[in-house]
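Using the sequences and the accompanying hints, generate a full structural model.
Listed below, chain by chain, are the residues.
Number of protein chains: 2
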Amino acid sequence: MEPDEAMAYAGSMPTAAILIIGNEILSGKVTDENSPYFCRELRALGVDVERILTISDDVQSIASEVKAMSDAYDFVFTAGGIGPTHDDLTIEGIAAGFGVAVEHSESIEERIRRATGKEPSDTLLRMARIPTGAQLLDSGDLWFPLVVVHNVYIFPGVPELLRKKFESVRDRFRGVPFVLKKVFVRKRESDIAPLLNELLQEFPELLLGSYPRIGQEAFHVMLTLESRDAGYVQDALESLLNRLPEDAVHRVE
Amino acid sequence: MEPDEAMAYAGSMPTAAILIIGNEILSGKVTDENSPYFCRELRALGVDVERILTISDDVQSIASEVKAMSDAYDFVFTAGGIGPTHDDLTIEGIAAGFGVAVEHSESIEERIRRATGKEPSDTLLRMARIPTGAQLLDSGDLWFPLVVVHNVYIFPGVPELLRKKFESVRDRFRGVPFVLKKVFVRKRESDIAPLLNELLQEFPELLLGSYPRIGQEAFHVMLTLESRDAGYVQDALESLLNRLPEDAVHRVE
Numbered sequence: 041m042e043p044d045e046a047m048a049y050a051g052s053m054p055t056a057a058i059l060i061i062g063n064e065i066l067s068g069k070v071t072d073e074n075s076p077y078f079c080r081e082l083r084a085l086g087v088d089v090e091r092i093l094t095i096s097d098d099v100q101s102i103a104s105e106v107k108a109m110s111d112a113y114d115f116v117f118t119a120g121g122i123g124p125t126h127d128d129l130t131i132e133g134i135a136a137g138f139g140v141a142v143e144h145s146e147s148i149e150e151r152i153r154r155a156t157g158k159e160p161s162d163t164l165l166r167m168a169r170i171p172t173g174a175q176l177l178d179s180g181d182l183w184f185p186l187v188v189v190h191n192v193y194i195f196p197g198v199p200e201l202l203r204k205k206f207e208s209v210r211d212r213f214r215g216v217p218f219v220l221k222k223v224f225v226r227k228r229e230s231d232i233a234p235l236l237n238e239l240l241q242e243f244p245e246l247l248l249g250s251y252p253r254i255g256q257e258a259f260h261v262m263l264t265l266e267s268r269d270a271g272y273v274q275d276a277l278e279s280l281l282n283r284l285p286e287d288a289v290h291r292v293e
Numbered sequence: 041m042e043p044d045e046a047m048a049y050a051g052s053m054p055t056a057a058i059l060i061i062g063n064e065i066l067s068g069k070v071t072d073e074n075s076p077y078f079c080r081e082l083r084a085l086g087v088d089v090e091r092i093l094t095i096s097d098d099v100q101s102i103a104s105e106v107k108a109m110s111d112a113y114d115f116v117f118t119a120g121g122i123g124p125t126h127d128d129l130t131i132e133g134i135a136a137g138f139g140v141a142v143e144h145s146e147s148i149e150e151r152i153r154r155a156t157g158k159e160p161s162d163t164l165l166r167m168a169r170i171p172t173g174a175q176l177l178d179s180g181d182l183w184f185p186l187v188v189v190h191n192v193y194i195f196p197g198v199p200e201l202l203r204k205k206f207e208s209v210r211d212r213f214r215g216v217p218f219v220l221k222k223v224f225v226r227k228r229e230s231d232i233a234p235l236l237n238e239l240l241q242e243f244p245e246l247l248l249g250s251y252p253r254i255g256q257e258a259f260h261v262m263l264t265l266e267s268r269d270a271g272y273v274q275d276a277l278e279s280l281l282n283r284l285p286e287d288a289v290h291r292v293e
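Chains S and B, in that order, are what the protein sequence lines are. Counting from 41, one number per residue, gives the positions in the first sequence under this note's numbering. Counting from 41, one number per residue, gives the positions in the second sequence under this note's numbering.
Watch out, some of these pointers could steer you wrong.
[To be verified] Result set (DSS-like, lysine-lysine): computed pairs, CA atoms no more than 30 Å apart in a straight line:
#1 K227(B) to K158(S)
#2 K221(S) to K222(B)
#3 K107(S) to K204(S)
#4 K69(S) to K222(B)
#5 K107(S) to K107(B)
#6 K69(S) to K158(B)
#7 K69(S) to K221(B)
#8 K158(B) to K204(B)
In short, the hints are calculated from the structure, not lab data. Quantities reported herein were computed from a predicted structural model and do not represent experimental measurements.
Listed below in C-alpha cells is the structure:
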C-alpha cells in the first residue's frame with residue numbers, strides 16, 4: 041500500500057470511545073484494568089480509541105455521556121454497573137440516554153433459569169432488565185448475553201467476564217490494523233528531540249511516540265513508530281536508525 | 041460528628057477531575073498508572089474525584105476539556121504532554137483553553153541552567169514555556185517546578201516524577217477524609233443484594249460498594265462502607281454484620 045492509499049483509508053477507520061462506570065475506580069479502591077485491555081485489543085484490530093471517560097454510578101451522567109459518545113464515535117464500549125446490586129445503574133442510564141424504557145427480557149430470564157436450574161430470585165431478575173430495543177448477542181460459554189443498544193456495547197465490570205465477552209464478539213470490530221515498531225534508545229529524550237522533528241518532516245504521516253523511562257539501565261527512551269502502511273513504517277524506521285548515533289540503539293522490536 | 045453534620049459538610053468538600061493526555065494510553069502501548077495514583081491519594085486526603093478523562097495529544101481537545109473541567113471542579117490535575125518533544129502539547133492546549141499566550145519563563149530557564157550546569161539547548165528550552173500568568177511551585181528536590189494555571193495543576197506523565205511532584209504539594213488538597221471499612225463476604229452478590237438494600241434504607245447516607253471477585257477461594261464479594269463520619273460507618277458496619285449469616289464473613293478490614 042502506498043502512503044497515499046494509507047491516507048485515503050484514514051477517514052474511514054472505525055473510531056471508539058470507552059466509558060468506565062464506577063465509584064470504585066474514582067475512589068481509588070479498584071484499579072481499572074478494563075480500559076487498558078480494550079485499548080490494546082482494539083488497537084490490534086485496527087480501531088482508533090479516541091477517548092476514555094470514567095464517571096460515577098449516576099443515571100444522569102451515564103445517560104448524557106453515553107449518548108454523546110454514541111453520536112461521536114463508531115463504537116462505544118461501557119464497562120461496569122450491570123450487576124444485581126443497588127449501585128448498578130448502567131442499564132437505566134443507557135435507556136435514559138436514548139430516550140427508551142427499561143424492559144424485562146424474557147430471553148434473559150430463560151437463560152438465568154437454564155444456567156441456575158431453578159426459579160430466579162427477584163435480585164437475579166434485575167439482571168434481565170434491558171433498554172427497550174436492545175440486541176442480545178450470545179457470548180461464548182457465558183450464560184449472560186452481551187447487550188447492545190445502537191452502537192453501544194454494554195460490558196460487565198469484572199475483568200475476567202469482560203474479556204470473555206469481548207473475545208466472543210471481537211471480529212465485529214476489525215479495521216485496518218496498525219503496524220508498530222519500537223526502538224529503545226540509550227540517549228536522553230532532549231538529546232534526540234531535534235532528530236525526531238527531522239524524521240517527522242520526512243514522514244509527516246508517521247505516528248511517532250517518544251516515552252522516557254526512568255530506572256531503566258539499558259535505555260532511556262522508548263520510541264514508537266506506527267502507521268497502517270507497513271512499508272511506510274519500515275522506511276521511517278530505516279531513516280530513524282540512520283539518523284541515530286551507532287551506539288544509541290539498545291534494541292528494535 | 042453527627043450524620044447531619046456530615047451532610048452539612050457534603051456540599052463544601054473539594055472536588056477534582058483528572059485529565060490524562062497521551063496517545064500512548066489510548067493506543068494501549070502504555071498503561072495509565074497516574075490516574076489510579078491520583079485517585080488513591082486524593083481519596084485519602086478527602087477530595088472527591090468525580091471524573092477521569094483520557095484524550096490524545098491535540099491542542100484543541102486539551103483546551104476545551106481543561107477549561108470545562110476548571111469551571112466544573114475545585115481542582116484539575118493533568119498528566120502527560122509536557123516534555124521536550126513534538127507530541128508535547130499540553131502547555132499550548134491549556135494556554136488556549138484559558139485564552140492566554142504561551143510565554144518563555146526566565147525562572148525555569150535559570151533552573152535548567154543550574155540543574156545542567158550549562159547553556160540549555162533549544163530542545164530543553166521548550167520546557168521553559170508556560171501559559172502566561174501561570175504560578176510556579178517548587179517541587180521537592182526536582183529542578184522542574186510544578187506549573188499551575190488557575191486551579192489546574194500540570195503534572196508530567198512519567199509516574200516517578202508525577203509522584204514526587206504530587207508529594208511536594210499534597211497538603212494543598214486536604215478535605216475531610218473518608219473512613220473506609222471493607223467486608224469480605226463468602227456469599228454471592230445476588231444472595232446478599234436484598235440485605236444491602238435494607239442496610240441502605242437504615243443508613244441512607246452510607247457510600248456502599250459491592251464488588252464481586254472471581255478466582256478468589258476465600259470470598260466472593262468485597263463490600264466497602266464509607267462516610268466522612270467515622271461513627272456513622274461504624275454503626276453501619278455493625279448493622280451489616282448483624283444482618284449477614286454468621287459464617288458469611290471472611291474478614292473485616
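Could you work out which earlier hints the structure fails to respect and list their numbers in ascending sequence? Failing hints, ascending: 2, 6.
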